Structures are given as structure tokens and as C-alpha cells.
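Take these sequences, add in the hints, and give me the full structure.
There are 2 protein chains.
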Amino acid sequence: MRYVVIMAGGSGTRLWPLSRQGRPKQLLGLFEGKSLLRLAFERLDGLVPPDRILVCTGRAYADDVADQLPELSPVNILGEPEGRDSLNAVAWSAAVVADRDPDAVVAMVTADQVISPVDEFQRSLTLAFEVAEQRPSALVTLGVVPTSAHTGYGYLHRAELLTGFDGVYHVAEFKEKPERDVAQRYLDSGEYWWNAGMFVWRAATLLGQLDQLLPATAQTVREIVARPDRLDELFPTLQKISVDYAVMEPVSQGRTDAEVVSVGLAIDWRDVGGFVSLAELLSRDAGGNAVDGRTVSLDSRGCVVVNAVGPDHVVATLGLTDCLVVATPHATMVANLDDAERVRQLVDLVRTEAGPEFA
Amino acid sequence: MRYVVIMAGGSGTRLWPLSRQGRPKQLLGLFEGKSLLRLAFERLDGLVPPDRILVCTGRAYADDVADQLPELSPVNILGEPEGRDSLNAVAWSAAVVADRDPDAVVAMVTADQVISPVDEFQRSLTLAFEVAEQRPSALVTLGVVPTSAHTGYGYLHRAELLTGFDGVYHVAEFKEKPERDVAQRYLDSGEYWWNAGMFVWRAATLLGQLDQLLPATAQTVREIVARPDRLDELFPTLQKISVDYAVMEPVSQGRTDAEVVSVGLAIDWRDVGGFVSLAELLSRDAGGNAVDGRTVSLDSRGCVVVNAVGPDHVVATLGLTDCLVVATPHATMVANLDDAERVRQLVDLVRTEAGPEFA
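Protein chains in written order, with the UniProt record's numbering: chain A, 1 to 359; chain B, 1 to 359.
No false leads were slipped in.
To give a feel for the contact side, a few chain B residues facing chain A, derived at Cβ under 8 Å:
hint	residue
1	Val296
2	Asp312
3	Val314
4	Val315
5	Thr317
6	Cys323
7	Val325
8	Met333
9	Asn336
10	Asp338
11	Asp339
12	Arg342
13	Val343
14	Leu349
15	Val350
Quick caveat, the hints were computed from the structure, so don't treat them as lab data. None of the values given here were measured: they were computed from a predicted structure. From the three backbone atoms N, C-alpha and C, an ideal C-beta is built for every residue, glycine too.
Spelled out as C-alpha cells, the structure:
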């Protein structure tokens with residue numbers, strides 16, 4: 001049977017003060033009241049039923065996840081006691097699903113993006129499921145057909161076509177976030193896709209790869225499933241490592257008996273990592289400012305203005321150029337847009353100077 | 001007997017969103033929780049007792065005035081049904097006080113400034129009372145000894161010394177807000193004082209001048225005192241005019257039987273008209289930003305940051321230069337500091353686009 005695990009971890013300090021320690025970006029109702037998590041869930045509509053959709057998130061967010069996804073049974077919400085990087089979300093999820101259904105095929109999907117069209121996403125995910133079902137040794141990674149020489153994503157270098165499938169490729173190599181000129185070469189060559197960080201595999205296959213590559217992790221996640229009461233004790237002992245480093249790269253290098261293949265996503269892929277990317281999704285006012293919520297602007301240009309306080313509050317700008325203004329009930333941030341990617345530094349300072357309750 | 005009337009009208013849109021329609025700047029707790037009104041009241045401590053201090057304000061603010069000045073009897077708060085410029089506040093106050101005490105000498109003082117030292121202010125006000133008591137025909141105006149060629153104040157041109165008093169002058173002429181070069185000439189000459197907009201006179205003398213200059217006004221304010229139930233009907237019929245135009249200028253030109261004399265105030269006089277002048281009264285953070293309330297700044301310079309939301313809110317700035325940030329529960333304003341004097345325009349737009357409840 002097909003399962004989907006939505007990975008919704010992460011603290012999202014880059015969107016502070018919208019996001020904060022108790023409220024990561026995936027849970028923010030940024031899109032006509034819907035969160036990225038909700039959008040990720042609704043993208044699966046008709047593909048797999050809710051009883052086979054799981055969410056892996058921080059335990060602190062489990063209640064909010066349940067509120068936003070009332071269709072889910074509480075047992076389908078996996079709350080990590082602490083963040084231990086992506087491999088352990090993947091490994092624990094695989095062990096949980098394999099325990100329910102030894103033949104399960106699992107799609108690991110992210111909740112960090114706005115994706116369109118959804119039809120195309122579903123078509124690619126279905127193809128990836130078919131590949132994983134028909135080739136038990138395959139770890140299928142989803143690759144986004146790039147539309148720019150983006151330096152904020154990892155890339156994967158496609159090799160030959162996979163026989164018997166249309167548009168599915170072997171993967172020659174994973175590449176980390178490149179410099180601008182390298183990214184341009186990747187784009188021009190037509191041989192590279194953005195690494196979507198989404199995967200499809202048989203749960204048993206993934207666990208078998210872990211047995212070879214990180215046996216301690218494989219053993220621990222199986223133990224957690226057998227003894228849920230030991231979750232708090234065992235989870236923090238898992239080695240902190242990403243799924244790319246731990247599994248995808250070594251397997252793509254032929255170091256195990258499995259293979260990495262990739263299915264392309266020809267979609268509009270908008271990673272909502274920070275305010276600059278969020279701004280691309282907002283509407284524009286008459287002055288060309290990207291705005292959300294109740295805002296008024298006079299002689300202001302090139303600004304991003306987000307009013308998340310509520311309808312009883314107005315955010316007004318006057319003669320402002322290229323600034324980022326974010327107002328929430330607990331904090332207001334005003335930044336030069338050129339510094340928007342330094343928000344984490346500011347959050348650190350806020351934590352120290354104003355107190356952890358504001359960060 | 002000596003009386004003081006504190007004039008606390010005005011809507012103060014230049015300090016929006018700190019000030020707003022229901023909350024003018026004189027009532028804002030900007031100075032360690034004290035308002036300009038409270039500071040104006042405390043400046044009178046020891047000079048006249050609270051039962052001879054009156055406040056003339058907009059009726060909408062009367063309750064807030066009573067809250068801030070619990071020492072005052074409610075009958076000492078004169079609530080104007082609508083703003084009719086300074087003459088009518090002055091005329092109505094004079095009629096009220098003359099009705100209580102026909103021999104009353106009244107000081108009309110403003111609540112728009114932070115003044116120091118208070119001793120010097122009291123010394124000058126006492127001298128002005130003495131002049132008015134000893135010269136029944138005198139309208140005494142207070143003049144601030146200028147410390148700069150300020151173009152935001154009116155000036156008064158001193159003439160010869162008044163015989164029998166130390167440092168009291170006849171006034172030759174009132175001058176409107178001058179251009180920069182004219183203001184510099186005024187300053188260099190040593191013959192000009194800033195027009196403080198504060199006056200001391202016998203109530204009967206002021207009313208007598210009005211009988212000559214604006215008999216309708218004189219009659220109407222006497223009628224209001226005789227028939228308080230007709231206040232709402234009569235007050236709006238008063239001619240809208242400033243006390244300078246209506247009385248001080250014509251009297252200084254010799255058009256009546258009275259005389260205008262001036263007592264100097266050698267004080268630090270800070271008019272809190274807008275954010276630029278307010279900023280001079282705020283403390284500085286490590287980056288040299290003028291700040292008030294809970295704020296955090298990273299790589300920000302030359303900004304004015306006011307957090308009036310409260311202690312459960314932080315205002316954080318990042319890479320920001322020469323901006324004005326003001327956060328309140330109902331509105332957040334971010335402006336280029338060069339545009340700070342255009343706040344009224346912004347408020348007009350807010351009223352139209354967001355609604356009058358935000359303005």
C-alpha cells in the first residue's frame with residue numbers, strides 16, 4: 001500500500017517574527033489562512049487516503065498539526081522529542097510504516113514549498129510510487145526541473161534513462177548548493193535537477209539500506225517502534241545527519257546494493273525559506289510593495305509589508321524604500337531588505353537582549 | 001487671586017499612531033509614564049493650589065484629563081464641545097475665572113512642551129503675575145530666550161524695558177514663523193524672543209479687550225458662563241481665530257487702551273510637535289538610535305524607534321538607517337525620517353483606506 005509522510009520539522013527562524021520557537025513556518029496561515037502544512041496535505045487529495053498520511057514534526061507542534069489536519073488520526077502524527085536532522089525523521093517514519101505494513105511504499109514529502117500545478121505534482125508522485133513498487137531496490141528522489149540558476153538549492157546530476165519508464169533517470173551524483181557560475185552551467189547543460197528533498201521508497205528497502213550504512217540508527221528506530229515508551233530515551237541518541245549524506249549520496253556512489261533514480265517535477269516550485277521568497281507569493285499594492293494583511297502605503301516602493309497582528313491593526317508606511325516590515329502580536333521587525341537573510345542573527349540578539357520568549 | 005489655565009486641546013496627528021483622534025499627544029504617557037499634561041500640571045506645584053488650576057481641553061478628553069489629574073475638581077475641567085482655535089479657549093476660561101473671582105489674575109499655559117529647569121519657569125511666571133497684578137492694563141506674554149534660529153516658532157520683537165520691573169519689556173511687534181535667514185537675523189540681533197503662546201492677565205482686562213475687539217465673542221462667553229446648559233449651542237457660534245490675531249497683535253499695535261509686555265523665559269524649551277522633536281527627548285541605544293520601550297537593534301543607525309505596544313512586545317530593527325518606527329496596539333508606522341513631518345498626509349490616507357477608527 002502507498003503511504004505518504006509529510007516532513008514538517010524545523011524552527012523557521014528566517015521568517016521571524018511570523019515564525020518563532022513555538023510556531024514554525026509550516027504552521028503559519030500565510031496563504032489565505034492556510035499553512036504550508038495544510039497545502040502539503042491537500043496536495044495529496046485523491047492520491048492516498050488520510051489514514052495512510054503521516055506527519056513527522058516536532059513534538060511541541062503536534063497539537064497544532066492535529067488542529068490543522070483534523071482528518072488525521074493522532075497515531076499518524078509522529079512527534080520528535082527533539083530535532084535530529086532529516087535522516088532520523090525518515091528512518092523513524094519508515095520503521096513506523098513498515099511495522100503497520102511490511103510491503104508499504106512510502107513517499108517522504110516536504111512542507112516548505114508552494115507548488116503548482118497540483119495535478120503535475122500528483123502525476124510525478126504517482127510515477128515515483130510505480131517505480132518504487134516495480135523496482136524494490138530503488139530509492140526514488142524527486143528532482144525539480146530548474147527554471148533558474150538558483151544557488152539556494154542542491155542539485156542532482158542525471159545519468160541515463162531508467163529502462164521501462166518514461167522520464168525517469170538514474171542519478172549520477174548529488175551536488176551541494178553551487179556558486180552562481182556553477183549553477184548557471186548546471187542550468188545550461190540541461191542535465192541537472194534541483195534536489196527536492198522528497199523521496200519514494202519501500203519502507204523495507206530504506207531500512208535495509210540503513211542496516212548497511214548506519215546499523216545503529218536502523219536498530220534504534222526499530223526499537224522505538226517496538227517500545228514507544230522509550231522514545232524520549234532513544235531518539236536523542238540517534239546520530240544527527242541528513243538523509244542526503246547518510247543514504248542518498250553513498251547509495252548513488254554504488255556503495256550498497258540499491259540504486260538511486262529520479263523522477264522529474266515540472267512544476268512551479270516556490271520554497272518559502274525567507275521573506276524574499278515569501279514576498280513573491282504575496283499580492284502587490286499600487287506602489288508595487290508586496291503586502292499581506294491590512295496595510296496602507298504612501299510614497300513607498302519595493303517594500304515587503306506583512307501585517308499578521310490582525311484586522312484590528314494597520315501597518316502604514318511613508319516614504320519607505322526596499323524595507324521589510326513584519327508586525328505580529330509579540331514582535332515587530334523592520335529590516336533593510338538587503339539584510340533579510342540575516343534575520344537569524346537578529347533573532348539571536350532578540351533572544352539575548354529581550355528574552356527567549358520573544359525569539 | 002492667581003489662577004492658571006492649562007490649554008490642552010489639539011489632536012496631534014503629527015505623532016500618529018501614538019496620538020490619535022481619541023488620544024491627543026498631551027495625554028500620552030511618553031515621559032516615564034507621565035504625559036505632557038501631567039508635566040504641565042506638576043510645573044505649577046507650589047505656585048497656585050489645585051483648586052485654582054483649570055484645564056481647557058476637548059470634551060472627548062475630559063475623562064482622561066480627570067484620570068491624569070485626580071487633584072482637580074471636575075468643575076475645573078473645561079471641555080470644549082469642539083475646537084474653535086486658541087482665542088475661544090482663552091476667552092471662555094477668562095469668563096469662567098472672572099465669574100468666580102472678579103479680581104482674578106490668570107496665567108494661560110500650554111502643555112505642548114518639556115521645560116527645564118522648572119524653578120526658572122516658576123520664577124518667570126511669578127514675575128508675570130506681579131506685572132499683571134500691578135499694571136491692570138497689561139497683557140503679559142511670555143517669551144522664550146531663543147537658543148537657535150528656529151523656523152517653527154513665532155517671534156516677538158522686544159521694545160524698551162518696562163519701568164519698575166527687571167527684565168520685562170514692551171512688545172513692539174509679533175512675527176510669524178520666519179524663513180531661515182530671517183530667523184537667523186532675529187537670533188543675531190538679540191531683540192527677539194520665541195512666542196511661547198503663554199499669557200498672564202487679569203481676567204477682567206482680557207474680557208474688556210474682547211469687548212473692544214470682538215464684542216460678539218465677549219458676549220457669548222459671558223452667556224456660556226451664565227447659562228452652562230447652552231454651551232453646546234453657543235460654543236460652535238464663536239468665531240474661530242487665534243489669540244495672537246484676535247488680541248495680542250492689535251493690542252501691541254496700540255489699537256486699544258491696553259498694552260502688551262513680555263517676560264522672558266530663560267529655559268530649555270522643547271516643543272514636542274512631531275517625532276523629530278520627540279526623538280531629542282528619548283534615550284539612545286548603542287547604535288545611536290533614539291528609542292523608547294522594548295527595542296532591539298542590529299546594525300541600525302539614526303533611527304527613531306518607539307515601542308508603545310507594551311512590555312510583551314519587542315520592536316527589532318536590522319540594517320535600518322534613518323527610519324522612524326512607531327508601534328502601538330492599533331497601528332504600526334514605518335517612515336523614512338525625512339518624511340516624518342508628512343505624517344498627517346499618511347493619517348489622511350489611513351482614514352480613507354483603512355477606516356476612521358485607525359486614524
